[in-house]
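Please model the complete structure; the sequences and the hints are all you need to start from.
Reading the sequence shown from the start, the letters are residues 17 to 155 in this note's numbering.
No lab work stands behind these hints: they were computed from the structure. Please note that the accuracy of each hint is not assured.
Unchecked claim - Here are the simulated PhoX-like pairs of lysine-lysine, each with C-alpha atoms no more than 25 Å apart in a straight line:
1) Lys45 / Lys126
2) Lys24 / Lys126
3) Lys38 / Lys24
4) Lys76 / Lys38
5) Lys24 / Lys76
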Amino acid sequence: MSASGVNKGNLSRIGEDMLLVKHFHEERKTMQLSVPPNVTPRRVSVDAIEHWMIYTEHPKVGAVVHIHAWMDGIPSTQINYPCGTVELARAVAQLVREEDNPDRAIIGLKNHGLTITGRDLDDIFERIEGRIIPQVPMS
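Quick look at the structure:
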């Protein structure tokens with residue numbers, strides 16, 4: 017997954033721009049990363065818990081994309097959970113689980129954006145092309 021605050025159009029350094037998330041330690045609320053020796057990793061994205069839960073439960077998911085935009089007619093969390101919380105991750109993971117095809121889900125995060133699963137990035141981008149609403153509805 018990408019590190020926090022990196023330019024997603026220029027992901028090139030493993031362990032700095034791109035991070036391998038191995039596990040989530042629920043008691044400590046920390047992500048366990050695998051990075052090359054002699055590399056000081058950047059901070060992992062706050063979305064890491066949610067992505068880790070999805071990848072762990074749905075092995076056919078090859079990519080997860082999170083964007084700050086919206087689409088009409090999608091399932092969404094009912095509560096505006098703070099970003100990076102276990103509560104948000106669990107709510108999104110539950111909605112993915114409830115989809116007819118969890119490997120290709122589009123889930124709304126109330127007042128925040130979308131989490132989209134797919135076989136790969138091309139699969140995700142093809143499915144959302146022309147359907148994105150740049151402004152997330154606030155309620």
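- Any of the earlier hints contradicted here, and which numbers? When the structure is compared with the hints, none of them turns out to be violated.
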